[in-house]
Structures are given as C-alpha cells and as structure tokens.
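Asker: Here is how the chains run, residue by residue.
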Amino acid sequence: MTYGPNPWQQTHWDARAAGNFICGGCGAGLIAFAALAGAEGRALSGLMVAGLGLIAAGLFCVFLETGRPLRAMNVLINPRTSWMTREAFTAAVLFPVGVAIVLGAPHLALLAAALALAFVFCQSRMLRAAKGIPAWREPAIVPLIVATGLAEGAGWFLVGLPVHGIGGAPVLALFGVLVLVRVFVWLAYRRRVAATLARGAFDALEGAGRVLQVGGTLAPLALVALELLGVVPGPLAAPLAALAGLLAAAAGAYLKLVLVTRAGFNQGFAIPHLPVRGQPH
Amino acid sequence: MTRWAMVADLRRCVGCQTCTAACRHANATPPGVQWRRVLDMEFGTYPDVRRAFVPVGCQHCENPPCMDVCPSTATRKRDDGIVTIDYDLCIGCGYCAVACPYQARYKTQKALFAYGGAMQSEAKRHDDARLAVATKCTFCVDRIDAGLEKGLRPGVDPEATPACVNACISQALAFGDLDDPQSNVSQLLARTKHFRMHEELGTGPGFHYVWDSDAPRGTP
Numbered sequence: 000m001t002y003g004p005n006p007w008q009q010t011h012w013d014a015r016a017a018g019n020f021i022c023g024g025c026g027a028g029l030i031a032f033a034a035l036a037g038a039e040g041r042a043l044s045g046l047m048v049a050g051l052g053l054i055a056a057g058l059f060c061v062f063l064e065t066g067r068p069l070r071a072m073n074v075l076i077n078p079r080t081s082w083m084t085r086e087a088f089t090a091a092v093l094f095p096v097g098v099a100i101v102l103g104a105p106h107l108a109l110l111a112a113a114l115a116l117a118f119v120f121c122q123s124r125m126l127r128a129a130k131g132i133p134a135w136r137e138p139a140i141v142p143l144i145v146a147t148g149l150a151e152g153a154g155w156f157l158v159g160l161p162v163h164g165i166g167g168a169p170v171l172a173l174f175g176v177l178v179l180v181r182v183f184v185w186l187a188y189r190r191r192v193a194a195t196l197a198r199g200a201f202d203a204l205e206g207a208g209r210v211l212q213v214g215g216t217l218a219p220l221a222l223v224a225l226e227l228l229g230v231v232p233g234p235l236a237a238p239l240a241a242l243a244g245l246l247a248a249a250a251g252a253y254l255k256l257v258l259v260t261r262a263g264f265n266q267g268f269a270i271p272h273l274p275v276r277g278q279p280h
Numbered sequence: 000m001t002r003w004a005m006v007a008d009l010r011r012c013v014g015c016q017t018c019t020a021a022c023r024h025a026n027a028t029p030p031g032v033q034w035r036r037v038l039d040m041e042f043g044t045y046p047d048v049r050r051a052f053v054p055v056g057c058q059h060c061e062n063p064p065c066m067d068v069c070p071s072t073a074t075r076k077r078d079d080g081i082v083t084i085d086y087d088l089c090i091g092c093g094y095c096a097v098a099c100p101y102q103a104r105y106k107t108q109k110a111l112f113a114y115g116g117a118m119q120s121e122a123k124r125h126d127d128a129r130l131a132v133a134t135k136c137t138f139c140v141d142r143i144d145a146g147l148e149k150g151l152r153p154g155v156d157p158e159a160t161p162a163c164v165n166a167c168i169s170q171a172l173a174f175g176d177l178d179d180p181q182s183n184v185s186q187l188l189a190r191t192k193h194f195r196m197h198e199e200l201g202t203g204p205g206f207h208y209v210w211d212s213d214a215p216r217g218t219p
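Protein sequences, first through last, are from chains B and U.
Its first residue numbered 0, the first sequence is counted upward by one per residue in numbering that gives the first Met the number 0.
Its first residue numbered 0, the second sequence is counted upward by one per residue in numbering that gives the first Met the number 0.
These are computed hints drawn from the structure, not numbers from a lab.
All C-beta atoms, glycine included, are put in the ideal place defined by N, C-alpha and C.
A couple of the hints might just be wrong.
[As the list claims (entries may be wrong)] Residues of chain U placed beyond 12 Å of chain B at every Cβ, according to the derived structure:
1. 101
2. 118
3. 126
4. 192
[What the hints assert, rightly or not] Computed spacing ranges between beta-carbons, pair by pair:
5. 156/U - 62/B: 45 to 51 Å
6. 245/B - 203/U: 36 to 42 Å
7. 191/B - 152/U: 46 to 52 Å
[What the hints assert, rightly or not] Selected chain B positions facing chain U (Cβ under 8 Å, derived; list incomplete):
8. 5
9. 9
10. 64
11. 74
12. 84
13. 106
14. 164
15. 167
16. 273
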C-alpha cells in the first residue's frame with residue numbers, strides 16, 4: 000500500500016506536442032504507405048511532398064513548444080540516449096531522400112519508407128522514455144504509436160485517392176489490415192494500462208478508444224468492405240474510400256491528442272510507509 | 000568517490016515550509032516555482048486520521064531519466080551524483096519535465112515577480128538565462144563547490160550545505176556523502192528504516208526518507 004496525492008495531468012506538453020505525434024505519424028505513415036502501394040511518377044512525388052509536409056508541420060509544432068526556439072539545433076546534440084535527437088536525425092535524412100524522389104529518383108521510395116518507419120518508431124520511443132507519465136512509459140505504447148501512424152498514413156492516402164487515383168482492391172485491403180492491426184494493438188495497450196492508470200487518465204483514453212473503435216475502425220472497415228464487395232457505384236467509389244480514410248486518420252489523431260493532453264497524468268507522489276511518531280529516536 | 004544525498008526524516012518534519020522559503024530566498028526562484036517543497040498529506044477518515052509532511056524536489060537520481068531524454072545534453076550528472084542543467088544549452092522542450100517521475104522540474108516562460116513589477120531585490124537577482132528553460136533543485140551546488148574549495152564539509156558546515164538543510168527548524172533534513180560510511184547521512188540511514196520514492200522505476204533517487212527507527216520499541 001502506498002500513500003500520497005492523486006496523480007494529475009501534466010502541463011508541460013500540450014496540443015503543440017501532440018501535433019508532432021499526430022502530424023509526424025500521419026506523414027511518416029503516408030510515405031510508407033505510398034511506397035507499399037506502389038505509387039509512381041507524379042502521384043509518388045505528390046504523396047512524398049504531402050508526407051514530408053505533414054512531418055514538417057509536426058516538427059514546427061515542436062518548434063512552437065520549445066521555450067528557446069532559436070536554439071532548436073541543440074536538439075541534435077544527444078543521439079546517444081535521446082529519442083528526440085534520434086527523431087530529428089531521422090527527419091534530417093528523410094527530407095533529402097524525399098526531395099530526391101520528388102526530383103526524379105523514385106527508386107529511393109523504399110528507402111524513404113524505411114526512414115519514415117524509423118521516424119515513427121523514434122516517436123513511439125520518445126513517449127516510452129517519458130518515465131514520469133504512466134500512460135506513456137507503458138511498453139505497449141511503442142506498437143500503438145507505430146500502428147496508429149501507419150493506419151493514419153494509409154487513411155490520408157485514401158483521402159488523396161480522388162486525386163492520385165491509386166486504388167483498387169489490394170490498396171483497400173492493405174488499408175483495412177492496418178486499421179484492424181491498429182485496433183488490436185489499441186485493445187492490447189488498453190488491457191495493459193487498465194489496472195495501472197489513474198482514473199481520470201483511463202477515462203479519457205476510454206472515450207478516445209471508443210471513437211477509435213467505432214468511428215476509426217468499424218465505420219471505415221464497413222465502407223471499404225462495401226467497395227470490395229462491389230456494391231458501391233463507380234462514381235462513388237473514390238469519395239467513399241476517401242471518407243473511410245478520413246475517418247481512420249481523424250480517429251487516430253484524436254487518440255493521440257487525448258493521450259498527450261488528457262491522459263498524460265503523472266504518477267503523483269507516493270510513500271510506502273507513514274512516519275512513526277511518538278517513539279524515541 | 001562521493002555521492003551527495005539528502006535524507007528527510009519524516010518523523011521530524013512539521014511541515015513549516017521553512018526549507019521552501021529558504022530555497023526560494025537562496026535561489027531567487029519566481030512565484031510558483033518551488034525547487035524544495037513540502038507536501039502536506041492526510042490519510043484516513045475521522046477519527047483514524049494520519050498526516051505526513053513530505054519534502055520533495057529533484058531526487059538527483061543515480062539513473063536520471065531527465066538526463067537520458069534531454070536532446071541537448073543540457074541535463075547532466077556530475078561524478079558526485081548532482082544532476083545539473085546547463086541553461087545555455089537547454090532548448091526548453093519540456094521533455095525532461097515529463098520524464099521526471101518526481102515533478103521536480105519547472106519552466107517559466109516569462110519573468111514573474113511576487114507583486115507584478117520587480118522589487119529592487121528581485122530585479123537585482125533576476126536572471127534571464129533561467130527563462131523558458133528547465134530549472135530545478137541544484138542541491139545548492141554552488142555552495143557545495145565553494146565550500147569544498149575552502150576545505151569545508153557539505154552537510155556539516157552550513158556554508159557548504161544546501162540552504163533548505165540549514166534552514167530546517169527540526170533537523171528533519173540532512174545532507175552528506177553516502178559513500179562515506181562515517182558521514183551524517185550514512186550514519187542516519189544505518190540506524191533507521193527508510194525508503195526512496197518510486198523505487199520501482201529504477202531511477203535510484205539520491206533522496207531518502209526516514210520513517211521509523213531501526214531499534215526495538217522503547218530503546219532510547
């Protein structure tokens with residue numbers, strides 16, 4: 000038994016920090032999915048620009064969060080132990096590779112996908128290393144953040160379907176698999192933290208989890224299933240796929256927002272013994 | 000080797016917050032920033048109620064998670080166990096603050112003073128370098144280093160001892176070298192029951208809490 004004040008929501012990282020995990024995850028997932036879906040030519044360039052843009056937006060969110068933004072380059076000093084530094088290094092390699100693809104080196108697409116996966120992995124380890132926050136330091140946060148990043152990226156890929164036109168059954172099936180994997184990883188994470196998180200943190204996650212399960216999983220899977228079964232009229236196929244993608248991406252983003260800004264309870268203070276008073280010492 | 004550590008005797012602490020005030024005075028921290036604070040904990044329901052006063056702050060951990068996550072190496076650990084922050088390197092990302100399980104770190108975005116504008120004393124000691132970066136208890140490292148240079152013993156000689164320890168009215172706080180078996184803190188821990196907070200996280204805090212005597216009841 001321990002004694003101590005109840006945990007409370009951390010206030011050091013707010014929606015700006017969440018923005019890095021949301022945009023960075025989406026962007027990395029989009030780049031990876033574009034490579035896996037076999038995008039080529041202008042479509043690959045456009046998807047690469049969109050993915051890099053999202054990652055850049057996420058990093059800009061971090062820039063806004065820092066107290067001393069003019070020293071931002073100091074983020075690169077500690078690759079030995081800091082996952083934030085490693086995230087920055089990965090981005091520093093990913094951006095030139097992405098630009099090279101846009102400028103006409105499509106054979107680098109798989110390398111970009113690997114770097115994007117490394118980027119989102121760094122993000123997951125960043126949260127895992129935050130020992131002060133039980134919901135983040137849980138080891139299952141790593142697959143959760145990676146899986147949400149990939150599913151959101153796949154979602155954004157489908158959002159762009161009316162523009163890039165790369166669809167078809169394999170793409171939709173892969174999207175469905177990623178969304179399913181995400182929800183299973185979420186359920187595993189939820190099971191692990193259910194007994195350990197502070198009530199307020201768990202309640203916040205539960206709400207976001209319901210959104211993820213219904214709006215971010217069941218609804219998009221139903222839409223994709225309709226398309227795969229061929230019951231959707233041709234002109235509606237692309238818009239419905241885009242809707243499915245948007246739902247999956249939005250639900251994942253909401254989960255991350257809640258994870259950082261509402262479920263980020265600290266551990267509070269706890270003492271395992273009360274002082275024994277009134278005794279000679 | 001030397002391992003500076005602090006011991007809080009919870010049996011002695013009366014929650015007067017003098018250590019907090021002394022720290023504020025010694026380190027010129029702004030309103031809302033308490034590198035040394037004392038928690039007032041109440042447990043149970045009437046009539047079976049217990050109360051404990053628990054001094055907290057940076058635990059100067061053996062394995063500081065704040066140091067591992069710091070992207071700029073602003074947070075470091077000295078050979079003597081004191082965890083420091085280089086204000087000129089820190090980017091104020093707040094990562095260390097969420098990595099710390101002891102809520103010991105602060106970030107003040109803009110200059111704050113007790114009554115709005117800066118009083119003369121506040122203006123004199125205000126330091127822009129500490130704005131928008133992480134700050135925390137330093138174990139009054141400047142006093143320790145200056146004292147050692149003069150041949151003084153931290154934890155014994157007040158001039159070389161953290162301000163909070165000097166100020167404690169009930170000698171609930173003690174400071175000294177854990178690697179020296181004859182030091183005050185080693186001796187105190189040897190004859191008492193004690194614990195460290197959130198031990199299960201593996202941070203190896205340098206802050207120990209005494210809660211009972213090791214001697215059988217009734218032994219003087």
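Asker: Check each numbered hint from earlier against the structure, then list the numbers of those it violates in ascending order.
Answerer: 1, 4, 6, 8, 13, 14, 15
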